[in-house]
Structure formats: C-alpha cells, structure tokens
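S.K.: Chains A and B, in that order, are what the protein sequence lines are.
Quick note on the numbering used here: the first sequence kicks off at 1 and runs consecutively.
Quick note on the numbering used here: the second sequence kicks off at 1001 and runs consecutively.
No lab work stands behind these hints: they were computed from the structure.
Any given hint could turn out to be false.
Said to hold, decoys possible - In silico EDC-like cross-links for lysine to aspartate or glutamate, where the CA-CA straight-line distance does not exceed 20 Å: (1) Lys1158/B / Glu1104/B; (2) Lys236/A / Asp1010/B; (3) Lys322/A / Asp1154/B; (4) Lys1049/B / Glu343/A; (5) Lys1094/B / Glu343/A; (6) Lys322/A / Glu1087/B; (7) Lys106/A / Asp129/A; (8) Lys286/A / Asp1010/B; (9) Lys1093/B / Glu343/A; (10) Lys322/A / Asp1155/B; (11) Lys322/A / Asp1142/B.
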Amino acid sequence: MFSIGTIGFYALLFFAVYVQVFLLITYIDSRTTIPRRKKQIKLEKYPTVTVLVPCYNEEGTIGGTVESLLRLRYPKKKLNIVLVDNNSTDNTFNIMSAYEKNEQVKVLFCAEQGKHVALNYGLEHTNTDLVATLDADSFIAPSALERVVEVFNNDKEVQSVVSSIVIHNPKTFIQFAQKAEYEMSIYVKNMLAQIGGLHVTPGPFSVFRRSIFDKVGMYRQAYNTEDCELAMRIQKQGYKIWYCADSYVYTVCPDTISKLFKQRIRWMYGFFRNLIDYKDMIFNPKYAGLAFFTLPSSIISFVAIIAVFGFAIYNIGNLIAKLIVRISAAGVGSVVPSFSVTEIYIPATLIVMVLLYVMILAAIFIGRNMSRQKLLSVKDIVMFVIMSGTLAPAWVIKSMVDVVRSKQSNWQQEKSR
Amino acid sequence: MNNKHYPQHDWKKYLIVFLITLGIFLIAIYLSSALSNKRFAEMRTFQDKLATDILSSETRFALLERTSCEHFVDDALLSEELNLFGERLSRMKKQLSASDPAVEQLSRYYSLLQVKDYLLVTQLAEKCDTDPIIMLHFTKGDCAACDRQQYVVDDVHKDYTELSLYSFDYDTELSAVRTLISTLGVKEKDLPVLILNDEVFKQGLSEEDLRNKLAEFFPEEVSDIGEWEEILE
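Chain A on its own, in the form it takes in the complex (with noise of 0.2 Å):
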C-alpha cells in the first residue's frame, strides 16, 4: 500500500494545489474591485501625514527616497517628512541633514540602535491623522500616497493600509529572482487582504491611523520583524488592514546570495518567532482569513520547501548512485537512454503538478499586470525558479534552527555593508 512519504506528498500536493485555487478563485470574486487608475485622483479629505524614514546607513539611497517623498502628489502643508538617523556610521546623517531646508523635512538622531526603537522615536515626534514608514532604500511612486488616504477616507475601519512592492531596477541575477517573486507576492497579498489575511505591513511602504498606535501600542523589537508583529497584534485587536493594488513603491533588494540570505533569514526567524507568540490566533474562527489560511499555509508552506528540497536531493542521489553502479559495471557506453513516446505512462501527480505550475505562473503574471510591469519577460520567471528550489529551503531550515537555537539576526548587521 502507500508509503507515509507518499501520503505525505500528495497531502502537500493537494494542500499546494488547494492555496492556489483559493487565491485564483479570491482573484475571480474581486478583480473587479481591484485598483488599476492610471490617472491623478482628487480627494474630498486630505488628512495630515506623517512618513517617517528609518535609516541606518544608507548614504547610497536615502537621497532618493526623499526626492521621491518630495514629488509626492499631496499637499505640501498636508505632508512631513521625518527622517529617523539611527547612529549610521556614514554619510547618512549628513546626506538627510541637507534636506532640512525644506520645511516639509525633519530629521531627528537616535542614538539607540534598532529600528523599532527608531520608528518610535520618530513616531513620538507626530501627531498627524495618518502615519507612514518608508525604508530609507525603497522609492515611492507620486501617486502612491493620494491612492493610499482614499483608502482611509473610503473605509473608516481600515486602520493600516499596505502598498504595493516593486523591486527597483533588477542587475544582479538574484535581484530578477526576488523581481518575480515580489511580483506574484503582490497578487498574493491582494488576494489575503481579500479575506482579511494580511500578516505583514511592510517596512517599505505601509500606512496607518496614528490612532492605532494609541490603541495597540507602539512598535516592538519582535526578533527585528516589527513589521510582521505590528500587524499581527493590530489584527489580534480586531482591527483592519487593507491593501491598495495601485499604490507602488520601488525598494533596493539585495543583490547578493549573501545579503539576500541575511535578510530572509530574519525575515523568516522573526515570522517563527512570531507565529509562536500569536499562536492562538491560528485557527481561532475571530481572525477569518489570518488565522485559517495565511498562518496555517505558511507553516505548511515552510515544511512543503523542506519536503520537496529532501524529496528533489534524495531522487538526484539515488540517481547519481545507480549512473556511477552503472558505468562501473557496464561503462560509459551503456548509458544510452531507451525512450519511447509511445511508452510515456504520465502519473496523475504530474498533471496535478503541471497545472499548479501554471497556476504559479499564473500568479506571477496577475501580479506583474496590478503591478504595470513587463508581461513577456521569461528571465526574472526562471531565476525565480531556480533561487525557490535551491535557496529557499537553505534558509528556511537555517531560519528554523535558529529558532530551535534561539539565535537571531540583527538589522544593523545586514544593513552593514
């Protein structure tokens, strides 16, 4: 009869299958409902805002991300830019200080390390409706904000609102890889958001009432993923955050296999960490869509890469130990592959897992069209492939021993170049 490996793999296989259906059948109920404006919008309210900009060296970037700031569509005297130095080492301070002659920007020195601690400092200092973060390497589109407050004017429950990421101006071949992915990601969190199923509010681009902070506290250390933990706990406290499809920010991704594995590392330390402390959120029928699809699908997800990553090395083993049996006994020679077209048997979970690759494409193309990218680019789509079936289950498993171990990354130290 089946094997546990086998009933495990086709539980993953039905569980993979089964997320992308939800998402695509998600997709179908509220494409209509998705924003995709191309013109300048006109609001009844311009709310006060605030975006503050946590940075620790970042010399190369912050110049431009508060160039983007300044050519933000919204009413200047509506608009303050607070700049958050958190003890860079270079030029940052020097750079943001530059900016202080325009009345709309602040910038304020925080000698205690760590973002969280930062983004505090900073939100102390404000006191308008709405609050923005904005990473100091991510570049905000002119219309992203206006889209955003319509958000907030429309809905007066939505407490935090989160924007689409696009990665800004791909080089290196994992800066394509991590392209695709953020594509597919924002179909992804468009389609969570849907079902009230956001578990992060992004440190590149995500707004909020500044209220929501009086009401749930401010942000915390939480093993450097603030931004995964505040969205968890505003959800805890039953409040909402929203997705806006057309709000685009550009960030700085890594472009190194090194950089990138620093910071998903902790990006995935952090998630453990805090799935862990929200625990009893999972399954808990108050949370909708958070509690019985985002966290649950995540948890399988991780031991799906891990699965797959033993399942793809044990074969390619097994594999390369019957070619070496083979030449030793046979030679080279006698590895000439007999194949016929007309002998093919196709399994059933290879039509399965043919159709939940389109699905995955699929995926990736919806979210490049909400996200006005290039559609017919193959390049980003096969490094993306690749950088999921070799990285990723490297740093998921590193990430889950750390947990085991209780060791964690530091943003200082990633953002160190």
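For chain A, the structure is supplied; the task is to place chain B on it using the hints.
M.R.: This is chain B only, laid out in the frame that chain A set:
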C-alpha cells in the same frame, strides 16, 4: 477585544475550493489511468501475440515427429520478441512501480512465457540437433550485485542479439519459475547467477568475463578487431 471591523469568515468558499481541488485530483487520476490503460492494453496485445506464437510453436513441435526439423528451425526462436517485450516491461516498471498490480501481472506472465520459450528451445535443440546459445539470468531486487549484473547483461546483450536470454526474478511467486529454479539448483546466496548453456556462474560475471565467454560461442560477433586486423594486413 473589538473584532467588529474584522472581515467575516467565508466557510463556503473553503469548502468550494476543497471540492474544486478534489475535482482536479480526480480528473488527473482519471486522465492518467485512461492513458495507462491504453498502454496496458497495448502490452496485453503484444503479450497475447507472443502467447499465440509460442502456442503455435509448441503445436508445431508436437507435430515434429511427422515433419522435418528444417520446417521448424527458421522461425522457432521467439527470444527476440520476448526480449523486446521484456525491455518494454522494464521501462514500464521504471515509470510506474514494480508493485503496481497491472505491472505485476504482466511480469508474472512474461516469466511464464520465458519458461515456455526456454523449454521449447531446449527440446527443439535435442530433437533437431540445433545448437542454440542460451543464457539464463537469475536475479532479485534489493541486491546491489544483482543490479550491477543486470546492467552488464543488458549492455552485453545489445551486442549478442542471437543469444537467447532469459531473465528470472528469484522472488517470483510462480510455480513454473520456482520449479525451474529448483531444477537448476539456483540458491539465493549465489545470486546473481548466470547459466550460459550448461556452465553455471555463481555471483555472476564481470562485463569483460561475460564478453570473453560469449566470444567463444559467437566468434563472428566479436570479430570487429579481427576484421580490422585483416584489412590492415
């Protein structure tokens, strides 16, 4: 806790998605099984043709006393077709599973056909004084030496197509094969076993040794080097 603003849970959607996913799996299983059944049907047709050919040969063999050997020898050997069937079966096992009931059934029947063909060839050799080169190969699963021997036999057989090769799995639960194993005195501890005409090789043979042995029976098959030498001379 205030969760009045939280999106409501849509249980129906979870159920619908479950049913759609289940439907996808069922359709995939149906498509795969339809295709496999077509392949199995092809194999069964092939198998039936072989069985008919062997039965025909047996019948003609029974009539041998009334006719001459000359009419028989030309087309009596079905080994080549049997080997072709064996190769297809082997590829089928690699893609599906050896424990698949349909594959198991075909394997058992293939073993039986091999036994019948082997008996026919040996009886014909006695009656008609032919001199077939027969190699019996006994192997089994979970045996590294047997895997190595299988690779050697497969590779060498490509160069000696005239060789009547019969491969049997020692673990086959088929009385005809069990009887053959016990008649020939093959022991599990000696596997892999090769019997080349009457010579028994316990623990098998290396590729070089097997080629050397076969060269004794098929001098023309290994005469490439000799031919070149003659040309060069």
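S.K.: Which of the listed hints are broken here?
M.R.: Number 1 - this is the single hint that the structure violates.
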